[in-house]
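All chains, full assembly: derive it from the sequences and hints.
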Amino acid sequence: MSELAAFWTPVLITAGINSIIALGLYITMSSGPLSVAHAALAGMGGYLGAVLTTNFGWPFAAAILAGTLLGLVTGMLLGLLIVRMNELVAGLTTLGFGETMAVIAFNIDYIGGANAFTGIPLRTTLPLVYAVLAVILFVAWRYDHSRLGYAARATRDSVVTADAMGINVTWVKSITFGIGAAIAALGGVLRAHYILVQGPEDMGFFVSVGFLIFVVFGGSYVFWGPLFGAMTLTILPELLRFSAKDRFIIYGILLTIMVILRPHGFVTRRSMR
Amino acid sequence: MKRFALVTLLFVAVPAGAQEKAVHFSSINGQTGQSAAYGSKVIEGVNLAAKVINDAGGFADRCGGKYKVTVTTADMANSREQAVSLLRQAAADATVLAVVGPSPSTGYVPMVPVAGQLKIPVIATGSAAPIKEWNPWSFRLNTTSKAAAPGMMKLLTAKFGLKHVALIYDVTQDGQRGEAELIRSSAKEIGYDVAAFEAFRAGDNDFRPQLSKIKATKADWIGIYGATPELAKVVNQMAELGIKANILTGFGTFNDPVVWDLTEGKVKGGYSWSAYFALEDPARPEIAKMVQLYKKEYGHDPTLYSFYGWDALNVYVEAAKRGCTATDREKFRQALNTIDNFPTLSGKATYKNPPDGENLSAAVIVNQTTGRGTFEALK
Amino acid sequence: MELFLQQVLNGLMIGSTYAVVALGFSLVFSVMRVVNMAHPEFFMAGAFGAFLASRYVTNNFFGVLAGGMLVAAAVGLVVERLAIRPVRGRYVMIPFIATSGVGITLQHLAERVFGSDPVAIPAVVRPASYALGPLSVTRMQLVTFAVAAVIMVGLRYYVRHTKWGRATRAVAERPEVAAAFGVDVNFVSRLTIGISALMAGAAGVTLGVLYTSAWAFMGLLYGLKSFVCMLVAGNRHIEGVMAIGLLLGVLEALVSGYVTSTLRDAVAFGVLVVVLVFKPNGLFGSYSV
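Chains as they are written, first to last, in this note's numbering: chain A, 1 to 273; chain B, 1 to 379; chain C, 1 to 289.
Please keep in mind that the hints were generated in silico from the structure rather than gathered at the bench. Quick reminder that beta carbons are idealized off the backbone N, C-alpha and C, glycines included. Keep in mind that a hint or two might mislead.
[Said to hold, decoys possible] Here are some chain A residues pointing at chain C (derived, C-beta under 10 Å):
#1 L95
#2 F205
#3 F206
#4 I213
#5 K245
#6 L255
#7 H264
[Unchecked claim] Below are the PhoX-like pairs computed for lysine-lysine, each with C-alpha atoms no more than 25 Å apart in a straight line:
#8 K163(B) <-> K218(B)
#9 K295(B) <-> K245(A)
#10 K51(B) <-> K321(B)
#11 K159(B) <-> K218(B)
#12 K268(B) <-> K218(B)
#13 K244(B) <-> K268(B)
#14 K245(A) <-> K51(B)
#15 K296(B) <-> K245(A)
#16 K331(B) <-> K352(B)
[What the hints assert, rightly or not] Per label pair, the in silico range of CB-to-CB distance:
#17 P257(B) <-> R126(C): 23 to 29 Å
#18 P282(B) <-> G57(A): 57 to 63 Å
#19 R62(B) <-> G57(A): 44 to 50 Å
#20 A149(C) <-> E280(B): 45 to 51 Å
#21 F206(A) <-> Y56(C): 30 to 36 Å
#22 R90(C) <-> L126(A): 34 to 40 Å
#23 G57(B) <-> T58(C): 50 to 56 Å
#24 S243(A) <-> K163(B): 50 to 56 Å
#25 T161(A) <-> Y91(C): 18 to 24 Å
#26 K295(B) <-> Y91(C): 48 to 54 Å
The structure is reproduced here in structure tokens:
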């Protein structure tokens, strides 16, 4: 039995962290923009949290708070930047942001540069991850049914109409980006204190696309979607380990088939009834 | 409901692996993805070494026990998360005595602290990244540039009057970048100067901007530090730009037959240091024997990384023989520390950990490439 | 001064390949509203096609080029049938994910079949170096540039002066109107994928021969850069995409040469962000999504 636990604990921790970041992305995307910056935002949280605990001896909770705050501020600024852009273009700005952050992290020796930042103390545990995930799920649930949530979706569906209805589009876009980024950064701090290494490669476009896929695949209309997407797609390659060298061939095929069969995402508003 | 049951079955069935009365090592390396070129060779070396031992009936330890060797291979796919997950899984599996691998530093660097926490031995097979903080459970088989690179520069300066060297290196690979930086920082002490210090990234195809800059410095020695795909392209593009210089590198990469093929032999005459690697050596018949077995088993030549895999497994088996245990990791670790000048294909192995897990007798030979997979040691 | 010119020359060579790959991306996006994440794998397929052709069929450059392009086109048609056609017209992220999935599959399939090491492609163009004053350029570099130029000119001609080309433009601008006028939108879409695959394949062949190797993961970084080119240029005018591709190549070479090579990749993304803040539809305008 402990063998089973040994195999699944690391997988579940990773799946949980991915779910947290995916939920952050979900909230950001609820007001419109496709973001491929969330891996970078998570990474920024990770770096800050890691430096604080490793180099300055801060307690873990304080580091988490700091990382989350960094995400919130950065996210709000990004949100302001992309306010006037359409969905796709906004997403592309986030691409630029994410990659630029990765390159910057690469070149700063204090945080390890290309060598990555190591020596991070282990603080993340399975119960902690799932406790945080539960909190975030609660937040997402309340968000979905809150005025801000409705305002965000109105903005997503039509900026012009939302504006006409009196919604402060600028504020909505920037705060949702900020909240989503804060959650992603939180996930990043957890991740850094589990993997114990935080490097610039974890911040780039391809990693962000991975999170985007979790959300869209799972269903971006309701908060269960990203949870489902992140869990399934993190666990799937592990289940496929038996196929050794063919693992990613099978994964790629399954991903393609699944997204074709369920183009609105697995969890849709209809399936929730 | 049926679907649910099937899925649950998968959850249970997957981790159950075959376990025999044997010494069980977990081989974690890059099997797919960008680091697979090295990782897959290590895996082949490890598996071949285990097969050879098992075909001979297993091995006997010093206390009268007889064992076979079981190796479970797991793919880390160049991902830190997967490497760490796999290590944790291996550690929690009581039948696993120790972990062989990995090669990519992306895997080894995060695994070091975790190995220390979980108290399971890990031995790197090719990772050259500097380790900030060692612990008694992390070991490294391969030579690293720390001693080798300055040694080579000293020899080349003394023998050939090397004065100006230009360096071009892969900034995304810890080992390569570390070595380039080391050469740069040793310059004053040894007596040469670094005329250029150009970076590129793994995956790049075109190095002409950097090489044009290097050409302008008119340096007559050029150090190239990168993985096979980029290394070969740099060499080829140097020829296209008409750059004539002596070339040097680390890790014996010029001796790699794959590199020879990709550059159509342009690496001839290049200098490198290496752990020992050759496809044959009249003074060492065991090499030719291994190469023959390897070719028969896998259909292609081994590379230095194949040697690392083979050696790592044999070092582990030697430790198992001395430790008289198939499951006690602490005893096994202590046995590793008794290994002193143990002969391996790539040199020798000696461990004294603490203070660190480096191979203290990792052979370093400065050599010049003379042909496909052949070289001549410099004295 | 000569270093500067040499870098510009280097940059133009690299840039021409960015341009060709970006064009294919851009074409498919404007005609089909699909971001084809498997496009870099057409490029990779072209290189492997060249490898196979040079190994088993012929040593002649044009033969190898044709072989590579055919392989790429075949891969393109398969991808279109399996991953694009079923989800065309839906929310743009769906084909994005479907083609990402196919891209992953193709990369690892190539790794499985050809191995994880790069494979050597023989020099089907006899190596030669030419000197233009103090600058040097190789025959293969010129061939690469020439192929890219022919493709770009050919595409422009196609789009402006041929029946199918004009139909393609019509579908890109106003699919409903084009359909109302009797244009077979499905056929045009398939044709477009085929053309984009041929183009990417040609780029893959020339790069494979230029760098004498093909590798399962060679498409990744190219894909990203070409994506960026498409976005910065906007996809309304193919000449814009071409120009941006060339410009990106030159900028990267200059930054590598004069600043530092570690920041080279940041150039592309930095420029992207700056441009998009001021011109959200790209420098030359885009069709609405």
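Hints, verified against the model:
no. : hint                            : verdict
1   : L95                             : holds (7 Å)
2   : F205                            : holds (6 Å)
3   : F206                            : holds (8 Å)
4   : I213                            : holds (5 Å)
5   : K245                            : holds (6 Å)
6   : L255                            : holds (4 Å)
7   : H264                            : holds (8 Å)
8   : K163(B) <-> K218(B)             : holds (12 Å)
9   : K295(B) <-> K245(A)             : holds (20 Å)
10  : K51(B) <-> K321(B)              : holds (17 Å)
11  : K159(B) <-> K218(B)             : holds (21 Å)
12  : K268(B) <-> K218(B)             : holds (21 Å)
13  : K244(B) <-> K268(B)             : holds (13 Å)
14  : K245(A) <-> K51(B)              : holds (20 Å)
15  : K296(B) <-> K245(A)             : holds (21 Å)
16  : K331(B) <-> K352(B)             : holds (14 Å)
17  : P257(B) <-> R126(C): 23 to 29 Å : holds (25 Å)
18  : P282(B) <-> G57(A): 57 to 63 Å  : holds (59 Å)
19  : R62(B) <-> G57(A): 44 to 50 Å   : holds (46 Å)
20  : A149(C) <-> E280(B): 45 to 51 Å : holds (49 Å)
21  : F206(A) <-> Y56(C): 30 to 36 Å  : holds (34 Å)
22  : R90(C) <-> L126(A): 34 to 40 Å  : holds (37 Å)
23  : G57(B) <-> T58(C): 50 to 56 Å   : holds (53 Å)
24  : S243(A) <-> K163(B): 50 to 56 Å : holds (54 Å)
25  : T161(A) <-> Y91(C): 18 to 24 Å  : holds (19 Å)
26  : K295(B) <-> Y91(C): 48 to 54 Å  : holds (53 Å)
Hint violations for this structure: none, all hints satisfied.
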